[in-house]
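Peer 1: Sequences listed follow chains A and B, in order. For what it's worth, the working numbering labels the leading residue of the first sequence as 1, then goes sequentially. For what it's worth, the working numbering labels the leading residue of the second sequence as 1, then goes sequentially.
Treat each hint with caution, since some may be false.
[As the list claims (entries may be wrong)] Label-pair restraints from in silico Cβ distances:
id, chain 1, residue 1, chain 2, residue 2, range
1, B, Ile137, A, Arg120, 44 to 50 Å
2, A, Ala134, B, Arg152, 55 to 61 Å
3, A, Lys152, B, Leu50, 45 to 51 Å
4, A, Val137, B, Arg152, 53 to 59 Å
[As the list claims (entries may be wrong)] Covered, in the sense of this in silico footprint (three residues per stretch, anywhere, with C-beta under 8 Å from a C-beta of chain B), are these stretches of chain A:
id, region
5, 110–119
6, 164–173
7, 215–223
Calculated from the structure, these hints are not laboratory results. From the three backbone atoms N, C-alpha and C, an ideal C-beta is built for every residue, glycine too.
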Amino acid sequence: MPEGGRQLTVKDQTTAPVEAEQATDEGPTIRLMATETYDEAEQIAPAAAGGAEPIVFADSEVVFELDELSCYYDAFRAVREISLQVPRNKVTALIGPSGCGKSTLLRSFNRMNDLIDGARITGAIRYHGVDLYADGVDPVEVRRRIGMVFQKPNPFPKSIYDNVAFGPRVAGYKGSMDELVERSLRRAAIWDEVKDKLKEPGTALSGGQQQRLCIARAIAIEPDVILMDEPCSALDPIATLKIEELMRELKENYTIVIVTHNMQQAARASDYTAFLTMGEDRAGYLVEMASTQQLFTSPENRLTEDYITGRFG
Amino acid sequence: MADLAASSAVSAEIVRERISGRRTDVGGRIFEAFLLFALLASLGILITLLVDVLTRGIGVFIDRGLDFVTSPLSSEASEAGIGQGLIGSLILMLLVAATAFPIGIGASVYLEEYARDTRFTRFITANIRNLAGVPSIVYGLLGLAVFVVALREITGPDTQGRSILSGGLTLAIVVLPIVIITTSEALRAVPSGIREAAYGVGATRWQTVRSHVIPYAAPGILTGTILSMARAFGETAPLIMVGGAVSFLATSDRGVIETLQGKYTTLPTSIYQWVQEPQRDFIELSAAGIIALLVTILLVNGLAIILRNRYARRW
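With the rest of the complex left out, here is chain A (with noise of 0.2 Å):
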């Protein structure tokens, strides 16, 4: 099995999918689990036998730092004191059981949650040292530099083109509209696809195209930080491998983060994984944090062995 930037193509998922599912680029494989350790150069500290303690970066590498976030549903506690820190240009997982609090975690790092009346955080996330939720910061301009992607592909009934540009035009965007189209549809993969029907309507494309295309719209706005939230959760499986050969490709030159139900997604795309389980008041807290070779080779907490091979979630 080859490893190392190693391009999926359709055909090699369908005449071998047991190899294909097993592949990832920088070696961590399901197979490996129980046998091989891994020495991470930016890891500084792993983590101390305590479970949650978290893992911690150089300052110039993290991106969010999460310090004791607590986010509310009115008086519901969704997520409860997660403190933990995004590295830069690497893609870091969430994983976790269903309604333990990762898409609402996802959420409060670009301040989605402000759309839904009776959100609230206490703690803080800061963003490149800076207080996401501190007065005076504009949710519009933390977006602009946070995309999102979402659950269900979301395309704008419009056209392929205009669902590029929506972006860019409301922020302003002075440059030429038909490079960024093309650029940004270029780095989601889907340029030769749509090419020659910019023009269609994007809700036209198939599911893993309109995920594609709404990738590319979230790049089209030069952002700093990619949240994907489940984003190939609707998608068959060659579409979500694209889609993770993507995320490989797209983590040059961005921070993802992404919330996944599904460990082998995690295992083979991401570079850290965060387990993230619900306590007694359903709220969800962070059980460990970890490089993801780590995390599912040799998890320090007894729940995440426990998740990972399958016995509960």
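We have chain A already, so just place chain B on it with the hints.
Peer 2: What follows is chain B alone, placed relative to chain A:
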């Protein structure tokens, strides 16, 4: 099931005997018969009404043709027509469109897209729904008190306020709750994912609403507003309250303001007037007027259905 499984040899004969129907569902049959009766009864009433109106009124169209549609009101049955009524109703519709639509759509967009979902806004929404069910004569009383009496100096200094402006504003209030409700439903039909997508690429609320929510809801809003126009077109009771029934529309060469402040009549109030006349000829005239009214409303509703089917969006 169990007996089939029990017998070791399952033959086609046994299976056929077991699954052959011999059920007599008495309750079900009675219920079905009742449903059919309900349908036929309502259809029967409708058909009786239509046949009655057609047989009485069609003669007027045969004898006079377009003359009936264009003639003004007259005390001579052979010369009276619905010309003034049609023009009056048309002007009323324009007034309704110019006032109720912007206000109703604006209120609805605010409620759905801007206002926070609190107990207070839910209270308001529930009350708007109730207002849609209030009898229109009540709005007529409101129009009488506000537009005819209180605002007389504006609505019609020379006509004691009993002007087409008063009538149009009163009808606008009648249909306002309907406009708000149908617009709200069209806005709610736009999936929240679309709003999230727009906010997610850094659009402001105004950009989201202007570029996405309202355009995608537009077909539904259009259908709702056209249907509310049809409702206003047939409304009679509030116009009788605010003085539309007893007047003639003056269609001389007057300015817009004079026309708006002037007297008027409408198609439904013309019919109302004729019904009260003792001569048989006027009864036929009223039947012919009803035919014209029904055809107009049918055309308007048909337009709404065509627009809805043409632009309906499936999410």
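Peer 1: Confirm or reject the claim that A/Ala134 and B/Arg152 have a C-beta distance inside 55 to 61 Å.
Peer 2: holds (57 Å)
Peer 1: Taking the Cβ atom of B/Ile137 and the Cβ atom of A/Arg120, is their distance within the range 44 to 50 Å?
Peer 2: The hinted range 44 to 50 Å holds for B/Ile137 and A/Arg120, with Cβ atoms some 48 Å apart.
Peer 1: Taking a Cβ-Cβ distance under 8 Å as contact, does the region 110–119 of chain A have three or more residues in contact with chain B?
Peer 2: holds (count 4)
Peer 1: Taking 45 to 51 Å as the hint, is the beta-carbon distance of A/Lys152 and B/Leu50 inside that range?
Peer 2: holds (48 Å)
Peer 1: Are there three or more residues in the region 164–173 of chain A whose C-beta lies within less than 8 Å of some C-beta in chain B?
Peer 2: With 4 residues in contact (Cβ-Cβ under 8 Å with chain B), the coverage given for the region 164–173 of chain A holds.
Peer 1: Check the following: the C-beta atoms of A/Val137 and B/Arg152 are separated by a distance inside 53 to 59 Å.
Peer 2: holds (54 Å)
Peer 1: Closer than 8 Å Cβ to Cβ for three or more residues is the test here. Does the region 215–223 of chain A pass it with chain B?
Peer 2: This one holds; 4 residues, not fewer than the three required, reach chain B with a Cβ under 8 Å.
The structure meets every hint from the earlier list without exception.
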